[in-house]
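2 protein chains.
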Amino acid sequence: MNRITKLFGIQYPVIQGGMIWCSGWELASAVSNAGGLGLIGSGSMNPDILREHIQKCRKATSKPFGVNIPLIFSHAEEFINIVVDEKVPVVFTSAGNPAKYTSHLKETGIKVVHVIANKKSAIKCQDSGVDAIVAEGFEAGGHNGREETTTMVLIPMITQAVDIPVIAAGGIATGKAMFAAMALGAEGVQIGSRFVATHESSAHKNFKDMVLQAGDGDTLLTLKSLIAVRLLKNNFFNRVFEKEKAGALPEEMLKILGEGRSKLGMFDGDTDEGELEIGQVSAIINEQKSASEVINEIINEFNDTKEILKNTGF
Amino acid sequence: MNRITKLFGIQYPVIQGGMIWCSGWELASAVSNAGGLGLIGSGSMNPDILREHIQKCRKATSKPFGVNIPLIFSHAEEFINIVVDEKVPVVFTSAGNPAKYTSHLKETGIKVVHVIANKKSAIKCQDSGVDAIVAEGFEAGGHNGREETTTMVLIPMITQAVDIPVIAAGGIATGKAMFAAMALGAEGVQIGSRFVATHESSAHKNFKDMVLQAGDGDTLLTLKSLIAVRLLKNNFFNRVFEKEKAGALPEEMLKILGEGRSKLGMFDGDTDEGELEIGQVSAIINEQKSASEVINEIINEFNDTKEILKNTGF
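Residue numbers (numbering that gives the first Met the number 0), protein chains in the order written: chain A, 0 to 313; chain B, 0 to 313.
Worth flagging that the hints you see were computed from the coordinates, not collected in a lab. Hints are not guaranteed to be accurate.
Pairs involving identical chains hold if they fit within one copy or between any two copies, as the list cannot separate such chains.
Restricting the straight-line Cα-Cα distance to at most 20 Å, the calculated cross-link-like pairs of lysine to aspartate or glutamate (EDC-like) are [claimed, not checked]:
hint: 1; residue 1: Lys232; residue 2: Glu106
hint: 2; residue 1: Lys123; residue 2: Glu243
hint: 3; residue 1: Lys223; residue 2: Glu241
hint: 4; residue 1: Lys58; residue 2: Glu85
Bear in mind that the values here come from a model prediction, so they are computed numbers and not experimental data.
In isolation and in its complexed conformation, chain A is listed as follows (with noise of 0.2 Å):
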């Protein structure tokens, strides 16, 4: 038990990262069932569909899940009006501000989180009420802090700079790295990219099969001049490599970018010419498993890493 487990009321502090085409009510119920918190992706949803996998989610769980609303999509206004409609009970806000819907969430019960990736958001998290901060380092697939600092030093310095329980995220798929990031002072860990490669993400085959083969260095950082996202590497990530490189202005990108690319490449599996948003992490993910067999491999490790651990003395 920590702050965490008993905010959230779960067993394990490890958190199902929101994605969007990913992350549905067949995955975040079954991380909720499996003792983590599983969390329903609205990015990638319009109001009908998100109202349907709340839902399908309470249907096919009985312990808590969430569902997280990046702020700056055009419908969070009216997410927020579901939640709170559908008493889910947790809510991870991101992209946005986190004073903009935090106490009118709270005041209906719900816990709210918000994802951060600075120094100075996270005190603005802290005083704007949320009950805990996801600290989402460069290494972290999808969008990504200006600052690209690290989930190895970000951890540290968010932890020191709040008093309220930091979620580490950002590089983490395994028992170990949550051992790290626990050392590091984190409560919990928010894990994306080991979840998108297990039977219950909604992620289309081929793209669950790059995932398993993407090695070291096969993801980057870029688009740096819209809003940065990382991205694994393919047809499309290198045209915006290389035109990103040339000095492209923002326009150019947002051109080049068009519209309905991550449904493209993460949904419909055109691995080509979709974008793939995916994390470093990948590179040790090499196998397709169940959302439980996940689970249960990283509380295993964590386990063993600590036993390991005990022993190293100096």
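Model the placement of chain B on the given structure of chain A, informed by the hints.
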């Protein structure tokens, strides 16, 4: 005791990174006297200066110490002859082919370690017979790998790929981070930035002061079109950054860089126009201390972290 302390004959598996302009005999001997392994950074020395530093280091400590030799450096071969001649117990090579001098050095009884930032190089190192590897993550100061793999991801990847002991570098300045690195599979840590801000470092006071003041997001990996290097943000950095963003070619970048930038910044103390190499972890380094205070604090915090985590179970 572990494979790293045995290999070098030292008390703590804490290696002070060999850094240009910052780590001469005073710092190296202070670290070795405190139970770690001090390294003379030869990359900013000429042959006579290197020999002088080795001889002074030997007078200042009876404990093992080493020399770091960047193999792309013009004096590399001469430096190899000097360390053999002076019977330096340990040599760390970096930035070049580990196969080139390893057998020669090992035949004379010298322990050889090579610094890498990706899996392919790690395997090449093991094949070339080095005694250990430093795996250095993206968050580290100075020159850095093209893959941008962070310590959190790199260490498990490298320890899975090789059997020889792995020393973690990048983002490590505290006992918590040392414990985290060992949870990830490392058997030792190499620490740079924390030792720049010690009394015994030969960094200019102005540079040390900037390191102590540095915060979140104050360093960035830049000069990617030449050799990627992590720098503290200053006037010089800003000029380089803007030029690179605008798509400048390598030859233009070389012209802006000019010569002697790192000496100007780190040794002569021109913190506006000099090149200031430091790691992200400078964000949590706030006080100048002696090398032995740093080592003692790290080991105490390592042991405290172990005690705290003993009671963390799920």
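Checked hints:
1. Lys232 x Glu106: neither (44 Å within a copy, 43 Å between copies)
2. Lys123 x Glu243: neither (32 Å within a copy, 33 Å between copies)
3. Lys223 x Glu241: both (13 Å within a copy, 13 Å between copies)
4. Lys58 x Glu85: within (13 Å within a copy, 73 Å between copies)
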